[in-house]
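Those sequence lines, one after another, are chains P and X. Everything in the first sequence is counted per the numbering used here, starting at 30 for the first residue and increasing by one. Everything in the second sequence is counted per the numbering used here, starting at 30 for the first residue and increasing by one.
Think of the hints as simulated: they come from the structure by calculation, not from any bench. Misleading hints may appear alongside valid ones.
Identical copies go unnamed one by one, so any copy, or any two together, can satisfy a pair.
As the list claims (entries may be wrong) - Derived pair list, reagent style DSS-like, types lysine-lysine, alpha-carbon separation capped at 25 Å:
(1) Lys93 x Lys56
(2) Lys520 x Lys239
(3) Lys55 x Lys93
There are 2 protein chains.
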Amino acid sequence: MTDAQELGITESKEYNTGEWYAEVVKKAGLANYGPEGMSGFIVTRPRGYALWERLQGELDARFKDTGVQNAYFPLFIPESYLEREKDIVEGFDPEVAWVTHGGHEELEERLAVRPTSESIIAPYMSQWVRSHRDLPLRVNQWASVVRWEATETKPFFRTKEFLWQEGHTAHATSEGAWEETMLRLDQYEDVYEDVLAIPVIRGQKPDHDKFPGADTTTTVEALMPDGKSVQGATSHHLGTSFAEAFDLTYADTDEEERVCNTTSWGFSWRSLGALIMTHSDDQGLVLPPTIAPEQVVVVPIWQEDTKDEVLEYAEDLAEDLESEGVRVELDARDERNPGFKFNEWELRGVPLRFEIGPNEVDDGEITAVHRPDGESVTLDRDDVTDEIHDQFDEVFAKLYAAAEENLSENVREAEGRNEILGTIGQHGGYVKAPWCGDEDCETEIKDQIAAEIVMVPFEGDDEKHHPAVLEGDCDCAVCGEAAETTAYFAKSY
Amino acid sequence: MTDAQELGITESKEYNTGEWYAEVVKKAGLANYGPEGMSGFIVTRPRGYALWERLQGELDARFKDTGVQNAYFPLFIPESYLEREKDIVEGFDPEVAWVTHGGHEELEERLAVRPTSESIIAPYMSQWVRSHRDLPLRVNQWASVVRWEATETKPFFRTKEFLWQEGHTAHATSEGAWEETMLRLDQYEDVYEDVLAIPVIRGQKPDHDKFPGADTTTTVEALMPDGKSVQGATSHHLGTSFAEAFDLTYADTDEEERVCNTTSWGFSWRSLGALIMTHSDDQGLVLPPTIAPEQVVVVPIWQEDTKDEVLEYAEDLAEDLESEGVRVELDARDERNPGFKFNEWELRGVPLRFEIGPNEVDDGEITAVHRPDGESVTLDRDDVTDEIHDQFDEVFAKLYAAAEENLSENVREAEGRNEILGTIGQHGGYVKAPWCGDEDCETEIKDQIAAEIVMVPFEGDDEKHHPAVLEGDCDCAVCGEAAETTAYFAKSY
Chain P
30 MTDAQELGIT ESKEYNTGEW YAEVVKKAGL ANYGPEGMSG FIVTRPRGYA
80 LWERLQGELD ARFKDTGVQN AYFPLFIPES YLEREKDIVE GFDPEVAWVT
130 HGGHEELEER LAVRPTSESI IAPYMSQWVR SHRDLPLRVN QWASVVRWEA
180 TETKPFFRTK EFLWQEGHTA HATSEGAWEE TMLRLDQYED VYEDVLAIPV
230 IRGQKPDHDK FPGADTTTTV EALMPDGKSV QGATSHHLGT SFAEAFDLTY
280 ADTDEEERVC NTTSWGFSWR SLGALIMTHS DDQGLVLPPT IAPEQVVVVP
330 IWQEDTKDEV LEYAEDLAED LESEGVRVEL DARDERNPGF KFNEWELRGV
380 PLRFEIGPNE VDDGEITAVH RPDGESVTLD RDDVTDEIHD QFDEVFAKLY
430 AAAEENLSEN VREAEGRNEI LGTIGQHGGY VKAPWCGDED CETEIKDQIA
480 AEIVMVPFEG DDEKHHPAVL EGDCDCAVCG EAAETTAYFA KSY
Chain X
30 MTDAQELGIT ESKEYNTGEW YAEVVKKAGL ANYGPEGMSG FIVTRPRGYA
80 LWERLQGELD ARFKDTGVQN AYFPLFIPES YLEREKDIVE GFDPEVAWVT
130 HGGHEELEER LAVRPTSESI IAPYMSQWVR SHRDLPLRVN QWASVVRWEA
180 TETKPFFRTK EFLWQEGHTA HATSEGAWEE TMLRLDQYED VYEDVLAIPV
230 IRGQKPDHDK FPGADTTTTV EALMPDGKSV QGATSHHLGT SFAEAFDLTY
280 ADTDEEERVC NTTSWGFSWR SLGALIMTHS DDQGLVLPPT IAPEQVVVVP
330 IWQEDTKDEV LEYAEDLAED LESEGVRVEL DARDERNPGF KFNEWELRGV
380 PLRFEIGPNE VDDGEITAVH RPDGESVTLD RDDVTDEIHD QFDEVFAKLY
430 AAAEENLSEN VREAEGRNEI LGTIGQHGGY VKAPWCGDED CETEIKDQIA
480 AEIVMVPFEG DDEKHHPAVL EGDCDCAVCG EAAETTAYFA KSY
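This is chain P alone, in the form it adopts within the complex (with noise of 0.2 Å):
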């Protein structure tokens, strides 16, 4: 489905990131953007969808492992109900599609597209919730959500409607909430490691940048090449606010009523947009092979006398690889010389290519280049199946050295604000300087460069601070007033 002409990035990434992001996520046929009257929607196709079963199918998996179970709530929220939290409708208003019509009927109460269900959860946990022996509840939903901001779209970093999960759990006490916001934590943070070969950096956000109605939002934040910060996923322990507003309490031990706990947590196609703008660069898709659709490509390379013992041995060493669980493409096509099929595979981010040439059949050996650096090895055809892991192990790890040291190369201290400034200004990546504590302080910065706290890291985790911070008694770097901890000052995405 790819036309010849389509081939190729044309845009750099390092130059012209924005323009050569569109151009990987359309020409890898990840998506297209959505009909005309509606933009900030995207068309997700099947080679992006793929990405996103498989993150699915590793989320749910530790979720189910941890007590998780899903479940699936209405699509829309009446418009009383979002009002009953009051910074959820203070939060989300602004950004909500609303239904008024049904048929040729005007509907009473316009109901909400949700953009987030807590409002329409918590009520439902309420009737569940009895007794302290029906805590901890959690439920899981994957759908997808409406916000309508008027940015610019940028396909799965930001997108009018996007696919997500979004868990919900109460609990009998606020350190219990605590213990689940964390472990989701955890949960997103191993997935961005392990699975999208990204490492990232976690803590909080700052009070005036929480979830609304939330006591703490966590988050992962992940640094992206061009030294923009993109916030991972969420974990928020919202304290007792929605289970007051829906009335979610429980009888304790001692039959006494108590307010439960809740949080909330979610992980959406964000992480796709991370994944590729990560790793991919000006030949295309780079893709770990934890997650790539087609983890190898075999390319069989014949002359008129070779083609016969070529396809044989290639097809003999798909289906090996088939057979041991191993997603392999054979690409067969004669219509396509090898030159056009390594481009195109390496357009779509297959991590390893296999060549098959007359050579490799005389000698029982294989050709295998890793996508991400065109590196080629030898490999022994006979031990191919167990060596193929020490393969996808050896790409992953160059893809996370990567990604790891772009992260620790850009994370750097300033005092003053100017400093913050120039510093974000020449080098992108994270400042970490003291702060006070006030959203004044960053307004200042976001005005002359964009630039925002995104994270804050938590108490006690003391080699993310400020040295100053640790030592106690410095000043906010912006406004010279007492600094309460440490800010990470980032442009995001």
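Guided by the hints, dock chain X onto chain P, whose structure is given.
Frame of chain P, contents of chain X only:
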């Protein structure tokens, strides 16, 4: 999460089917009704959703084995897109939920919440298909759709929002599209019969009841114990109507531009309604082991002096089963007695109950009780991981046989209008009768007893036709004009 007073079904399946069904859905923890102001919506609880997840897995694997890739298209469809295929807009316009506002702004063009997605998928297919090499193109999405029907809500059977999959394919020829249509119908039949233990009959919808825009709508129909038919799933040959409306063409091998033929096919959570209705009884939910979230519940029965040995034996058994891949629940709750547990797990539809008391421990045995009929079997503890699969097969066979008996006993023949009315009035079920093909003849029956033509057998499917139709030269049972085919009249869900 089930209070003592909530246990126990009070309504009768035979005498009060509707109320009984609602009670089973609620008390087995499958679903709740939506919030006030949102009649027609349901909340699918974890036990209900687990059934849907398993069905998804079964169907999805069949689709992927036969060339289908998943994708995701926008939730909304611009009104102008919906209007491009005239049958679709006429068919669905009265049932569309309309989004008119995004945030605080009124939209320039109203957006339909998808009632089905042909109108947004076909235009993208037309971008992706260039040549005959791109065909067949097959995509599927798992999604929710909204149809604003005014009828009474019946969880899973009839809800304004429902979960389904919708497959969409494009083909070079009408024959290709017809093969696809039938392949998907085969897979639906397969899932009904082999997973849900529900025999179905297949055929096509009468022309006046086809999917809007379709050439042919095929259907699998399941007969419920109360004598009503459920449209189990449908698969449509769409001919060229959508391809023409959305310029979906391809260059054939001679570089000639040709219009594609398309299909679409959908399977919704209505299947869960059929599942619940078919097998369950006055003790609650009954599930085949193929789909039950817990296939076996182990209930230890102890006195104080036997508790340790009984519990150890039961735990060991549960572990063995689990490592064999059996979905097993050990109910070792202290605060409930065995009788309570029996009732609760019966209500919840667990197909096999293993009772473990001191006698079983002494004899190295297991008392296994089949949920559908209470039959009790003694199993050898040491052979249980082998025998369990036979037990599952036995339970499945019992359920299938009962449903099969209901179906085979309730297909009757009629040759006159009064015979149709009388037979359905007395017995329910299907009445097959010669039919002229005119909708008026259906209307006449519908007006009298709310039965309709749910299915017309395929040409060549002789055993399903009325004998007089096969002989030729017979009259329509309703109007007396020349009959063209056989119609299956039935009341339906």
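* **Within, between, both or neither: Lys55, Lys93 at alpha-carbon 25 Å** => Answer is between; shortest inter-copy Cα gap is 24 Å, intra-copy 34 Å.
* Same-copy or cross-copy closeness of Lys520 to Lys239 [CA-CA at most 25 Å] -> The answer is within: 18 Å in one copy meets 25 Å, while 54 Å across copies does not.
* State whether the alpha carbon distance between Lys93 and Lys56 is at most 25 Å within one copy, between copies, both, or neither. => Answer is between: at 23 Å across copies they meet the 25 Å cutoff, but 35 Å inside does not.
Hint check: no violations occur; every hint is consistent with the structure.
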